[in-house]
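K.L.:
Sequence:
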Amino acid sequence: MPATSGGGVRYARAQFGTTMAVATVIGSLLAAWVTATVSRATLEAVPWLPWALYGVLALAFLLFGWMRVVVDDRSVRAVMGVGIVRKSVEIADIRKADIIRTRVLWGWGVHWTPAGWLYNVAGRWAVRLELGSERPVMIGTGDARGLHDAIEAARAQAAPRNP
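FYI, the numbering used here numbers position 88 of the sequence shown as 81, with every residue one higher than the one before it.
Worth flagging that the hints you see were computed from the coordinates, not collected in a lab.
Among these hints, one or two may not hold up.
[To be verified] Label pairs and their computed distance ranges (CB to CB):
{"no.": "1", "residue 1": "26", "residue 2": "55", "range": "21 to 29 Å"}
{"no.": "2", "residue 1": "52", "residue 2": "7", "range": "18 to 26 Å"}
{"no.": "3", "residue 1": "117", "residue 2": "52", "range": "21 to 29 Å"}
{"no.": "4", "residue 1": "78", "residue 2": "27", "range": "22 to 30 Å"}
{"no.": "5", "residue 1": "149", "residue 2": "127", "range": "18 to 26 Å"}
{"no.": "6", "residue 1": "127", "residue 2": "39", "range": "37 to 45 Å"}
{"no.": "7", "residue 1": "97", "residue 2": "27", "range": "27 to 35 Å"}
{"no.": "8", "residue 1": "43", "residue 2": "66", "range": "46 to 54 Å"}
{"no.": "9", "residue 1": "75", "residue 2": "11", "range": "15 to 23 Å"}
[Stated by the list, open to error] Dumping the calculated EDC-like pairs for lysine to aspartate or glutamate here, alpha-carbon to alpha-carbon at most 16 Å:
{"no.": "10", "residue 1": "89", "residue 2": "127"}
{"no.": "11", "residue 1": "80", "residue 2": "123"}
{"no.": "12", "residue 1": "89", "residue 2": "145"}
{"no.": "13", "residue 1": "89", "residue 2": "123"}
{"no.": "14", "residue 1": "80", "residue 2": "127"}
{"no.": "15", "residue 1": "89", "residue 2": "142"}
As the structure is a prediction and not an experimental result, all values here were calculated from the model.
Virtual Cβ for every residue (Gly too), placed ideally from N, Cα, C.
My request is simple: use the sequences and hints to build the entire structure.
P.N.:
The structure is reproduced here in structure tokens:
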């Protein structure tokens, strides 16, 4: 992901969603089993069924199978999968950044939690950003300390200096 929104890149990391990959493989095996065990009449009535099953699995993996996070002097960007699902937060809008451990039930993907919006493809560590303009955002990462430190460094540089 190019850093086109601001200055130099302070942090860049790609994280692969192993759980999503395993779920896709298991789902594909189940789809193959369903296709092999349904009656010929069913397959003739809905010939698109196998393709629909595989299509849903492929689409889910392409949308949420991995995530790239980039921090530069102006923004924090999280882009999931092929890039349709994304979140960008301006450094100037960040009021506070904390390392948190997400709850097991919050899972993976993009969804609302009691602590804010969660963007996550693997693991339970995240950086929670309290924002001035919207509800909190959590960005899951396998390197919470590195992401947090990069955000804090960008915030420190962006902070107005008193004469």
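K.L.:
Confirm or reject each hint.
P.N.:
Checked hints:
Distance hint for residue 26 and residue 55: a CB-CB separation of about 23 Å, consistent with the stated range 21 to 29 Å. Checked against the given bound of 18 to 26 Å, the beta carbons of residue 52 and residue 7, roughly 20 Å apart, stay inside it. Evaluation of the 21 to 29 Å hint for residue 117 and residue 52 yields a pass: the beta carbon distance comes to about 25 Å. For residue 78 and residue 27, the Cβ-Cβ distance of about 28 Å falls inside the hinted range of 22 to 30 Å, so the restraint holds.
For the hinted restraint 18 to 26 Å between residue 149 and residue 127, the CB-CB distance of approximately 22 Å keeps it satisfied. The given range of 37 to 45 Å is respected by residue 127 and residue 39, whose C-beta atoms sit roughly 43 Å from each other. Range check, residue 97 to residue 27: about 29 Å between beta-carbon atoms, so the 27 to 35 Å window is met. One distance hint, 46 to 54 Å for the beta-carbon pair residue 43 and residue 66, holds here, with the actual separation near 49 Å.
Separation of residue 75 from residue 11 is about 18 Å and conforms to the stated range, judged on CB atoms against 15 to 23 Å. Restraint check for residue 89 and residue 127: the C-alpha separation of about 13 Å stays at or below 16 Å, so the hint holds. With a C-alpha separation of about 14 Å, the suggested pair residue 80 and residue 123 falls inside the 16 Å cut-off, and the hint holds. For the given pair, residue 89 sits about 9 Å from residue 145 by alpha-carbon distance, which is consistent with the 16 Å threshold.
The hinted pair formed by residue 89 and residue 123 meets the criterion: a straight-line CA distance of about 5 Å does not exceed 16 Å. Pair hint residue 80 plus residue 127 holds up; C-alpha atoms about 12 Å apart against a cutoff of 16 Å. The suggested pairing of residue 89 with residue 142 holds, with an alpha-carbon distance near 12 Å, which does not exceed 16 Å.
Checked against the numbered hints listed earlier, the structure breaks none of them; every hint is satisfied.
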